[in-house]
Amino acid sequence: MTVTREPDEAPEAGAALAGDESAAVAATPAARLAAYVRGGGVIVPVLTAVLAFLIAGLVMLITGHDPLATYKAIFEGTGIQWIFPWVTGDDRVTAALNLQQTLIITTPLILTGLAVAFAFRAGLFNIGGQGQYIVGTVIAVWVGSSFSGMPALPHIVLCIVLASLAGAAWAGIAGLLKATVGAHEVISTIMLNWIAIWVGVWAFSLSGPLQNDADKSVPVSNDIAEGAKLPVFWGDPALQGLHIGLFIALLAAVVYWVLLNRSTTGYEVRAVGLNPEAARYGGMSVARNYVLVMAVCGLFAGLAGALDILGWQFRLATNDIQAGTVGFTGIAVALLGRNTASGTVAAALLWGALVSGTSQRNLDPTIFEPDLAFNLTTIIQGLVVLFVSADVVVLTLLRRGQGLIPRRRRSAPTAAEEASP
Amino acid sequence: MSILYGLYRPDEGEILKGGEPVQVDSPSRAIELGIGMVHQHFMLVPVMTVMENIVLGDEPRRGGLLDVREGSKRVRELSDRYGLAVDPDSVIEDVTVGTQQRVEILRALYRNARILILDEPTAVLTAQEAAELFEVLRALKKDGVGIVFITHKLNEVLDISDRVTVLRRGKKVETLPTAGQTEQSLARLMVGRDVLLRIEKGSAKPGEPMLEVGDLHVRDDRGLEAVRGVSLTVRAGEIVALAGVDGNGQSELVDAIAGLRHAESGDVVVAGRNVTGRGVRATCDAGVAHIAEDRHTRGLVLGFTLAENLALREYRSEPYSRHGLLSIAKIDAHARELLDEYDVRGGEPGKLASELSGGNQQKVCIAREIASNPQLLIAHQPTRGLDVGAIEFVHRRLVAARDWGRGILLVSLEIEEVRSLADRILVIYEGQIVGEFTPDATEEELGFAMTGGRGDRAAA
Amino acid sequence: MTTAVATVRPALVGARQLGWVGAALGVLAWFITLPPATVRTPVPSLVLAVAAVAAGVLAHREERRLGRGAIAAGVVGGAGAVVATKSGVGNLEDVFVWSALFAAMLRFATPLIFAALGGVICERSGVVNIGLEGMMLMGAFFGIYGADVTGSWISGAIIGMAAGAALALVHAVWSVHLRADQVVSGFSLNLLALGITGYVFIAHYGDQGTPENVPRVPNVTLPLIQDVPFVGDAIGKANLLTWLALLLVPALTIFLFRTPRGLRLRSVGEKPRAAESVGVSVFKTRYAAVIASGCLAALGGVYLSIAFLGSFSQNLTAGRGFIALAAVIFGGWKPWGALGGALLFGFSSALAQRLPTFSEELSVLAQALPYVLTLIVVAGFIGRTRPPASDGIPYSKE
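Chains as they are written, first to last, in our numbering: chain A, 1 to 421; chain B, 1001 to 1460; chain C, 2001 to 2398.
Keep in mind the hints are simulated off the structure, nothing from the lab. Using N, Cα and C, we set each Cβ at its ideal position, and we do this for glycine too. Some clues are possibly wrong.
Computed, partial: chain B to chain C, Cβ under 10 Å [said to hold, decoys possible]:
hint	residue
1	E1032
2	M1037
3	P1046
4	N1053
5	G1057
6	P1060
7	N1155
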């Protein structure tokens, strides 16, 4: 028996050994997330976050804590109630202080979030935000504590520019390795993180090259010059008021949006992320884009480091370097924010609130131990990333169920097409 | 067919075997029932040996370990029995496509298949290899094996089959004894109307050379020389077809001309400008447009909108962008124009490319390439996977571009397409141009040249 | 199409051997200036180093990466030799006590070997496992927690492995069933493990930390070998789990390359559709492989907490899972290769640990050494090794 059939719409016809996997290869993480952004809107990420908080509440319940009271205490620790006009008197003063803390923490998270998001849009996974951030802080503290005679504005600009460039160079290593020898950016950025951590610790350690001049028994840097500190526009500078770095971060988010959606560079980056082979076919250099993208990511993360140092930290201790998680949190921020500018800002605010609400300073230890709360935020973070990695699929299934997108394998040609001239 | 083999599940209906209804819900069940399948894309693991691929899932064991010697012995026995000449110890990625196909057949026989399903088995074979395959199939038939042979090549149907079932859009049209059928009668059943085999076109008026390729040598991904000293010329206002069996260096040659692949030596001159080794962008700037072989992996960014896809060639130049910033309005307007002109059904500039059917996707690719106003248009399998209506559309556009004075290099695996479109036909075989023909050349003449023009090439 | 591809292999043997000889010469250049030889003049080392570089240059023409490696070995070996000849013999002898270094290398390498073997199984089945770090951490905490609660290290180890397997199960569901991006889901598991272990650790042990007297995995004292010089110090008292790790390497090699199940697992990682077409279940195989990798990685964590340290602190694994991952890649997705990677990284950690004799700050800097090494390896050698073809690509039946 022999069966004939007409040439159908099989896109893979002709390839011999490539196999069906080739179709799957085309679905880069960026491509999947793009599909997701278009279909998901705001509801899915909000649900994702809510679900993570629910599960974390369950963990509290199991371990004998009252989740409602805890979340209430955490919320009060964030100071967000400041926006409610009925909060008055001492409560309002405390809320203002707490909200300043929240926004101070949000500032670098916006930037490290962008550092991850930009890479994602190019199909790269930048796990190295932490290392790039550390490099930024180290350079900022070094430049900020040198040149003490400089006028304020040029000093600040110099710090910010050099720290950002250092972050860009650090991330650029991973981009360069990816572009030239094909080293996977996940591995190389992880390694660069650890190298940055240990080199940073070494720099400020006892008898390290950048250790402070005053007390040689403490592994900490010199303070930065008064003039290099960022102006505080809300609250008392002596009590860690809110510095203008927030506006720089928000500006960076705007730049990110324009760069990605309205520039030829962004067009290339997105094309490379969605389909590198088509990008090459369109005349773009995929390798060049990898280097460029990673460098821009490092620029964002390095800037985050500079703002933290110039805005409120003013010095760097070896502990800060080892215990910091700002760069890692950027991954959850970017994923929850769908790698979009506005989403990243919103997710950064959520995380800023969570971190400040659970901090030693803001969380009432009689209700919930801050040490526990710190780990709880890590769990929530993990859950969010976990859910985001899967809800791409959930969404695809949803849409497929509604018949909104054609099935991947064989879309039957329409009757209209058959009749076309 | 995949349902029959248990890879997909049927929505409804039943499968009968020997008159009994059976459930084929997994490949292992199909194997139990004696159904074997030779897939269009071979289901082989490239880095493993022939023996490992054949015994996979049903391995001879000795003391918990894989019995390599026993496996090789059994494979050799089977191979000898049907005259397949396959070495069990060679690695799949080192052997020819024809041999790989035999490994697929052996794998089914190893599992005592009594029904063998072959899905487009000759698509990747040379004429010689196909003839050998037919010998093997006849031997199997004599041995009592039932064979389901899926193909869209009509001459093969007439050559090998006893009965033929024509399917259209997933429905059976008719089952007939093969005897008494002709290519025309089968073709009518397949498409439901007479196929327009020849496109109306005037004679070519060749002008200046638009593409001159001189003694080009190119290596493939595995580092082997795939293009070995090709020289050709395409003039303005003519369609030059490059005909050949798949895998004879066409892809590498096209990539090298388009600047996507490094050429070892030789020259590519486009409209008088030498663009050898200058990369894609410089080549395009010199006036080359390139309808890519595979619209999914290359021609389109499926996650981009149609407007973004249509800007892929010109996004960097005015008016589509200025000072590095995109002009969305201009890009959208341009896209709307092209989608209209090329009759892309359901094509809105803001729609994702992945949401279109294959034919319409191809129209988008063609629209973009022709709109870039090239001196030379490379059309690499431009009708692959399209239905008859869409094929006609593409052919008309190519002829129109020719009449506009473009030079067109058509690379195709379909002899019919080559003969109906081309003004001159070059045949490529193993990386070399082995002959030049006029469109009047017969299918036999072309086929003979495409397979090396001699019949003594035994499989390695 | 029909050309005999198999016969066109150029004769690379000469270049490859030359490359390895060059690399060996580079190492030798350094080695002769260290105890016990302790040559006090750099001249012979420099001759060796130049020879190494020359061999590298020659080999470079055909074996690019290996050639580069040999050149690097020559340069580094020569530099190391110059530094060593300028240092005091006493210091050198303090640092380079080979038997102690070897024993320390095994100690540092053991958790890496477990996790790396887990990584090999997992990635051979086609699932990328960035979550090794988290699975180790789960094993480390729940291992000591289990040992503390039950009073037995065996049940501690089992509980630790179960915890790692549980985390791996999540990875399996996500990457196999939900077809999630495996790098992202693996990364999330690291965060989850960090949070979960930290939370339970604080909730259960608070500020006190784990108790001093948790049951430990015993060391194996080899009566005959114990007193042999060098060998005795090096392996005479190695931990039970170290031996287990070393035994697992050939065991896994046989499993992967000599058994039907190994063949199926590899086929699933290379070309799942082909495996499915002959009735091998891609889902089951990947589930089994991911969970097995969770158990193995967790065992590495168990070693850290109840064999090596006897205590737990938050984020105890501190990136070892990532080094194990690098060892997998370094070793070309093969068990023996992964062992080589783990030993190399173990050695650099052991060296860093002994360096404070020279200088306190240098030893801090040396902590970065394994990561630098990994980066160099990933940059220099990764192109030569080939990952399983379907590594990281979700499989759908449809």
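Going down the list of hints, with the structure as the test:
| no. | hint | verdict |
| --- | --- | --- |
| 1 | E1032 | 9 Å, holds |
| 2 | M1037 | 7 Å, holds |
| 3 | P1046 | 7 Å, holds |
| 4 | N1053 | 8 Å, holds |
| 5 | G1057 | 4 Å, holds |
| 6 | P1060 | 9 Å, holds |
| 7 | N1155 | 21 Å, violated |
In this structure, only the earlier hint numbered 7 is contradicted, and the remaining ones agree with it.
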